[in-house]
Amino acid sequence: MSADGAVAPATPAAPAVAVTGVSKVFRQAKGEVTALEAVDLTVAAGEFVSLIGPSGCGKSTLLRLVADLAEPTAGEVRVFGKTARAARRDQDYGIAFQAAGLLPWRTVSANVELPLELHGVGRAERRRRAQELLELVGLADFAKARPEQLSGGMQQRVAIARALAERPRLLLMDEPFGALDEMTRERMQAELVRLRTETGAAVVFVTHSIPEAVFLSDRVVVMSPRPGRITHVVDVPLAVRNEDVREAPAFYATVTAVREALRGRLPRGEVDGAAADEPAGADEPAAADEPAGAPRGPARANRTAE
Amino acid sequence: MTSQLTGSPLTAPATSRRSWGGAATRRRVVAVVAPVVFGAAFLGVWELAVKAQDLPPYILPAPSAIAEQFRLNASDVWATFRASGANALVGLAVGALLGVLAGMVAARARFVDELLSPLAAAVAAMPIVALAPVLDTMFSATSSIPRRIVVAVVAFFPVFVNTVRGLRAVDPVHAELMRSYAASGWDLTRVVRWPGSLPFVFTGLRVASSLAVIAAVVVEYFGGLQDGLGSRITAAASNTAYARAWAYVVAAIALGLLFYVVALGAERLATRGRSAPEH
Numbered sequence: 001m002s003a004d005g006a007v008a009p010a011t012p013a014a015p016a017v018a019v020t021g022v023s024k025v026f027r028q029a030k031g032e033v034t035a036l037e038a039v040d041l042t043v044a045a046g047e048f049v050s051l052i053g054p055s056g057c058g059k060s061t062l063l064r065l066v067a068d069l070a071e072p073t074a075g076e077v078r079v080f081g082k083t084a085r086a087a088r089r090d091q092d093y094g095i096a097f098q099a100a101g102l103l104p105w106r107t108v109s110a111n112v113e114l115p116l117e118l119h120g121v122g123r124a125e126r127r128r129r130a131q132e133l134l135e136l137v138g139l140a141d142f143a144k145a146r147p148e149q150l151s152g153g154m155q156q157r158v159a160i161a162r163a164l165a166e167r168p169r170l171l172l173m174d175e176p177f178g179a180l181d182e183m184t185r186e187r188m189q190a191e192l193v194r195l196r197t198e199t200g201a202a203v204v205f206v207t208h209s210i211p212e213a214v215f216l217s218d219r220v221v222v223m224s225p226r227p228g229r230i231t232h233v234v235d236v237p238l239a240v241r242n243e244d245v246r247e248a249p250a251f252y253a254t255v256t257a258v259r260e261a262l263r264g265r266l267p268r269g270e271v272d273g274a275a276a277d278e279p280a281g282a283d284e285p286a287a288a289d290e291p292a293g294a295p296r297g298p299a300r301a302n303r304t305a306e
Numbered sequence: 001m002t003s004q005l006t007g008s009p010l011t012a013p014a015t016s017r018r019s020w021g022g023a024a025t026r027r028r029v030v031a032v033v034a035p036v037v038f039g040a041a042f043l044g045v046w047e048l049a050v051k052a053q054d055l056p057p058y059i060l061p062a063p064s065a066i067a068e069q070f071r072l073n074a075s076d077v078w079a080t081f082r083a084s085g086a087n088a089l090v091g092l093a094v095g096a097l098l099g100v101l102a103g104m105v106a107a108r109a110r111f112v113d114e115l116l117s118p119l120a121a122a123v124a125a126m127p128i129v130a131l132a133p134v135l136d137t138m139f140s141a142t143s144s145i146p147r148r149i150v151v152a153v154v155a156f157f158p159v160f161v162n163t164v165r166g167l168r169a170v171d172p173v174h175a176e177l178m179r180s181y182a183a184s185g186w187d188l189t190r191v192v193r194w195p196g197s198l199p200f201v202f203t204g205l206r207v208a209s210s211l212a213v214i215a216a217v218v219v220e221y222f223g224g225l226q227d228g229l230g231s232r233i234t235a236a237a238s239n240t241a242y243a244r245a246w247a248y249v250v251a252a253i254a255l256g257l258l259f260y261v262v263a264l265g266a267e268r269l270a271t272r273g274r275s276a277p278e279h
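Protein sequence lines correspond, in order, to chains W and H.
The first sequence: position 42 = 42 (my numbering), numbered continuously.
The second sequence: position 131 = 131 (my numbering), numbered continuously.
Hints in this document: simulated from the structure, not taken from any laboratory.
Backbone N, C-alpha and C fix where the C-beta goes; we use that ideal spot for every residue, glycine too.
Some hints here could point you the wrong way.
Ranges of calculated distance between the beta carbons of each label pair, as one might list FRET restraints [to be verified]:
(1) H:Ala169 <-> W:Ala250: 45 to 51 Å
(2) H:Ala24 <-> W:Lys144: 27 to 33 Å
(3) H:Arg26 <-> W:Glu191: 48 to 54 Å
Which bits of chain H does chain W cover? Going by a derived footprint, with three or more residues having C-beta under 8 Å, they are [claimed, not checked]:
(4) 72-79
(5) 165-174
(6) 214-228
Isolated chain H (complex conformation):
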């Protein structure tokens, strides 16, 4: 009967003492209902504010107008949602895989670490989506590869940095124990380093998943193949169809949340039973 949602700061402590089942259910209902009610109220105030102040749509379109556009363009929203989602997913997978592999190499070879880590810091500080126009000229106009490369580069770094950190964080007792077993470096990696680094890798993956969606959407602002959410947002905005632009923004938010929730779930799964580390 444990609720995964009771961590919400909006949860009011349940005061009912009728029965434990009633209290737990109430807590759970509150945890779900409170943010929903708050969100609905927020949208209501937004709607009223737009209507009452008669705000022009280029400043802020009403939620009802955005919903209308969302409904009218549902099939295209879905198609572009899938296109951006595929770009984010493929880029994330490739970037994360490379991040883990490079992290594994860097954690073993100090030389590689000294080579890659400052580079990682430098590249992480640069707006990687700015690479998009350069990459677009390298591939055909119908290619999804440039966008996926950008996503992969963006996703690479958090995974890389966290993987290195995780692989380095070996309990000295575990290291000594493996040494006493005359275990090979490979055994230490396989038996201690990898399982021990999993929570770190998944934390990196969670950070990367959000960045991947942002990159996948924003990269289309800079040209290339225009079949994703980003292209529809810029197109609608340049045609002064602001409510429609917002409808695609809502879809982008949904995509980001989807990636985040899946990555968070994976992270929780990977860190299960690790709450009380030894020593």
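Okay, chain W solo, but in the shape it has when bound:
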């Protein structure tokens, strides 16, 4: 791990995200908490990468470093070859959080229009784009509603529409589907796959759900806590992503591989999802996935204390 973070040479096709030797230490009253230690991660342009791991593994912190919502203690984060800060300034990414974070005094449509409004897009164009996005997330009839009139899941869909408003080349998503019911969740996953295919946007997706990570991703990055590190990177060998894939053997094999990685039963490093279809402990209950409402890790706790 290079503490200073050597400047990466500019490549013709810069990866969407390049994280090199990144550590993040939160200083708290009780002492220091190492949220991330010596993390390296590259996300190619157009690639879909999920970050998965137990609470406190620093996956949300890593996402926040990419979004330049926090700064690494050591190491370097580059987005499309620029510093994370420059990428944020240039609006190279769209972001959706676990909490919808809609402005309660604005209508649903005005919430979706917010980023466009801030960046000087005209009223008529904003309206048109917001309507288009609301249709995409199945909320076209709620354009004039207030956020408080919507369920939690619907609010989250508005937040995702808002993240897509500016057609970003990189989408950062922090457990955006965590609050949705299973049916809506699968529909949103399919929508996200379609969106990603249409826009060619790279996605960094934080989740607690193994099937979700496998269904969506090209690669699943498995992390472990205390300190937060990347332990495994599981390649997902799925050519197409449709509803049939959810029942395909390769899908199950990859889900198993991720689960094994999370349990620490696989040797560290790169894992080929399809090769791990002979699990050692297949008779054990599949308890590795955390409940969606699991308590937030120290990284999150620190965020509210800041």
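With chain W's structure known, arrange chain H on it following the hints.
Below, chain H alone, put in the same frame as chain W:
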């Protein structure tokens, strides 16, 4: 068909099941009638007590005597009511405006906040109407400005304190979102802080409106131009015309209620749809 008055603790739950319209109407009627009946009964007991005990008016004049004086002096009550009302309104407007502006500055600059907030606490603890004689000597005897300054100073603090609180109460997710949009500090203020702080500002305004009327009336006890309700109350009392003094007190109460009700309405309007904050 929702009644705004059903929040009254005096409202008896309607038991009629004849029809929903009948029940709702009855609830509404009860909500209005109950306090009126109670008030009338209170005045009746007061009247009877004064008459039966033959109380001297300097202890307590009868409601009928107060009403009589109110009627006899109606035009002067109205003129002084308007004068005090104008003082309260102008002072409140100026004080609230300055309170909001100072709150906006304090919420942005910690230095200003550290400068103003202890000062605000200290000044809030001091009887500001006591400034009146000092201010009166600074302006001509026919000027309304000293009284309005006192009202403005009184109104300033609740608005200031609540504005700072409201502007600081930003949902962390909203702040992060704005940061991700590379929004300027001005954008954050305009799009998130201001709308988010409105309910707080209006709460401050409601508190300030009551204080403004009190200050506008009481400040005349200390001299200055004598064309408001306060001057008539002291004048009548010093002439042992106690019923007349009470008539002007009633007008002062009405003025206070008027300000309060308007400010409360504005507050309700500003907080509409905010009952269920996120997270």
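**OP:** Output the numbers, in ascending order, of every earlier hint that fails for this structure.
**Re:** 4, 6
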